[in-house]
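Single-letter residue listing:
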Amino acid sequence: MPVLTYLEAIRQGLWEEMERDERVFLLGEDIGVYGGAFKVTEGFLERFGEERVIDTPISEAAIVGAAIGAALVGLRPVAEMQFIDFISIAFDQLTNFAAKCRYRWGAGVPIVVRGPCGGGVHGGPFHSQNVEAYFFHTPGLKIVEPATPYDAKGLIKAAIRDEDPVLYFEHKYLYRRIRGEVPEGDYIVPIGKADIKRPGRDVTILTYGWMLHKSLEAAELVAQEGIEVEVVDLRTLLPLDDETILSSVAKTGRAVIVHEDTRTGGIAGELAMRINERIFEYLEAPVVRVTAPDTPIPFSPPLEEFFLPQVEEIVQAIRWVANY
Amino acid sequence: MEATLTREQLLDMYYYMKLTRMVEERLQRLYRQGKIVGGLYRSLGQEGESVASAYALEEGDFLAVMIRNLGALFVRGVRPWEIFTQYMGKGTSPTRGKDNIVHFGSVERGIIPPISHLGDLIPVMAGIALASKMQRKRSVALTYIGDGGTSTGAFHEGLNFAAVLKLPLIVIAEDNGYAYSTPKHKQMAIENIADRAIGYGIFGETVDGNDVIAVYQATRRAIQRAREGLGPTLLEVKTFRMRGHAEHDDAWYVPRELLEYWQKRDPILRLETYLKEHGMADETDFEAITRRIEEEIEADLQYAEQSPMPDPRIALEDVYAEAPSVLEGAPRPREHAAKTRS
Ligand SMILES: Cc1ncc(C[n+]2csc(CCOP(=O)(O)OP(=O)(O)O)c2C)c(N)n1
Chain G
20 MPVLTYLEAI RQGLWEEMER DERVFLLGED IGVYGGAFKV TEGFLERFGE ERVIDTPISE
80 AAIVGAAIGA ALVGLRPVAE MQFIDFISIA FDQLTNFAAK CRYRWGAGVP IVVRGPCGGG
140 VHGGPFHSQN VEAYFFHTPG LKIVEPATPY DAKGLIKAAI RDEDPVLYFE HKYLYRRIRG
200 EVPEGDYIVP IGKADIKRPG RDVTILTYGW MLHKSLEAAE LVAQEGIEVE VVDLRTLLPL
260 DDETILSSVA KTGRAVIVHE DTRTGGIAGE LAMRINERIF EYLEAPVVRV TAPDTPIPFS
320 PPLEEFFLPQ VEEIVQAIRW VANY
Chain B
872 MEATLTREQL LDMYYYMKLT RMVEERLQRL YRQGKIVGGL YRSLGQEGES VASAYALEEG
932 DFLAVMIRNL GALFVRGVRP WEIFTQYMGK GTSPTRGKDN IVHFGSVERG IIPPISHLGD
992 LIPVMAGIAL ASKMQRKRSV ALTYIGDGGT STGAFHEGLN FAAVLKLPLI VIAEDNGYAY
1052 STPKHKQMAI ENIADRAIGY GIFGETVDGN DVIAVYQATR RAIQRAREGL GPTLLEVKTF
1112 RMRGHAEHDD AWYVPRELLE YWQKRDPILR LETYLKEHGM ADETDFEAIT RRIEEEIEAD
1172 LQYAEQSPMP DPRIALEDVY AEAPSVLEGA PRPREHAAKT RS
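Here the protein sequences line up with chains G and B, keeping their order.
Using our numbering, the letters of the first sequence map in sequence onto residues 20 to 343.
Using our numbering, the letters of the second sequence map in sequence onto residues 872 to 1213.
Treat the hints with care, as some may be off.
Below, a list of computed lysine to any residue pairs in the SDA-like style, where the Cα atoms sit at most 20 Å apart [unchecked claim]:
| # | chain 1 | residue 1 | chain 2 | residue 2 |
| --- | --- | --- | --- | --- |
| 1 | B | Lys1004 | B | His988 |
| 2 | B | Lys906 | G | Pro320 |
| 3 | G | Lys216 | G | Ser266 |
| 4 | G | Lys58 | B | Ala1117 |
| 5 | G | Lys58 | B | Pro994 |
Honestly, the hints are just simulated from the structure, not real lab data.
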């Protein structure tokens, strides 16, 4: 099987969907001639032309709003946010319009809004954010965040074929750093399915995105101490895969939730509560979370490193629940 | 009109333009040496409009810059060490390493910092202008926006708001040809950004952005109107971005001829020529200024390089007015969950 970077996998998924379905088109800033700020859409303009690869003005509300309109009448738009931070400008279109169409009047809005998220590259407070929690609270949206090239390709395809609005978050730290086997040709990673990336019996880690890789590292480290960690990659954040999450935690009796986003109101809180409500009797230890603190993400390397969850902190959390 | 600028003022503007260019050249070297954290956004070729417009302001006025307005910050009293430390992420930087580039401000100095979300400054500066009016002050608010940034909703909402309330707001729209890789004709279907002023019912004017005297005078006119209660101005300056969007971008999408055309209209060279032709300055004057800047840059850079990186714990400070404890009041704080931060 060919080995691709995370970025190439997204690119291939997009490409194949555009080949497969002529209703699919792309819109966003600098995605055409320039091939996108991170080069995800390089070569698309040449292959698919200006009607299907649209360079837009700097107008996120219009980009997403227009995508919604086009989707309502039969097209399959994929809108790029140059950095996911700028999705805040389209917040209203997404949370009020797209998310409520089906519920109000039975209309589907099959759009994908994708863009680079996350820290680790010293992007500062406006080019590093994780925005999932803002949208996690909005019924009607779906949210996915792949961590591996395989999942990245399978999920972009699933997102494009989905009948509902899907937010597809790409971690920019992973773009060119993570490689993996990606099948040639068509396959889907279903939205709503988590994946066990490492099986284990003692402690469950629930995580996604970049933090999957840090969690796997931590699991490797504590394995030497005899602690077998099961690492669950959520992949889809909305709707959550209760079955995989709860059955893993019920099996191990111990859970650590790891995310890069800040703590208060983050996804970890919801996960912990679901575990508490549904499988409390199975727990051997309190559920704990490893997250960023409740501050904006800082720019300077020592500050950013301090802000981001580190492998050592995950290791400590694992040990703590294991020895509780 | 030209007589309103004295030789001293013109040489002063020359100093700020040259300072901007030389600091950015230095930053470019640091960037190549890997000493800069993150990206570098240059204003090469458009230093004139930033300097001349900021130079037209008076004490008590407010200014908010965008990424290519380093020159305006210098005019307002910012020193090169502040820029070097910001770019290097040092603990001595104005934001103590929390934010980067020209993303810093201080109300006392009349500088409001940008955020990356383009257009968002315009409503904020309208608010500053509103307060000036409410508090019966003379101060005006001036900010900048790129041709690309004028496509945002916030730009429109801010200007319209200021127009309706007749606020002392001046928005300088920089037509520098490109927004990242996107040429202006893909950003808007009009030729002159200033034409938008009609739609808001405000003053609009287009000037040559590489002619510092013209920019200065147009800004003075806008300021005067603002102080007289005549409301906002949308002042468009025609200039060109002579580098890529940032240093990682070699701007292959910009036709050579355009760069050559604008190269000849370099604002610094133009001011030199003007000063020489009017017998106000010669090469020795320019050289003296350049030498002075070199010394200033050397000293400031040394300070910046010797400055320590910030203490990681600073990351937790200043979220609220009082230094908070992340754990305060939390039940059973434990080492693992606390990220061992305190
Ligand atoms: C709302 C928003 N969308 C996208 C971006 C990403 N971005 C940063 S600068 C830039 C181009 C800006 O062009 P322009 O406003 O013309 O200013 P210039 O860089 O030419 O000075 C883009 C798209 C952003 N900062 N804000």
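Do the hints match the structure? See the list:
For the suggested pair lysine 1004 (chain B) and histidine 988 (chain B), the alpha carbons sit about 27 Å apart, so the restraint of at most 20 Å is broken. Taking the CA atoms of lysine 906 (chain B) and proline 320 (chain G), the gap is about 12 Å. The hint holds against a cut of 20 Å. As the CA atoms of lysine 216 (chain G) and serine 266 (chain G) are separated by approximately 15 Å, the hinted pair is consistent with the 20 Å bound. For the hint linking lysine 58 (chain G) to alanine 1117 (chain B), the alpha-carbon distance of about 15 Å falls within 20 Å, and the restraint holds.
Between lysine 58 (chain G) and proline 994 (chain B) the alpha-carbon distance is near 33 Å, which puts this suggested pair outside the 20 Å criterion.
Consistency with the previously given hints fails for numbers 1 and 5, ordered from lowest to highest.
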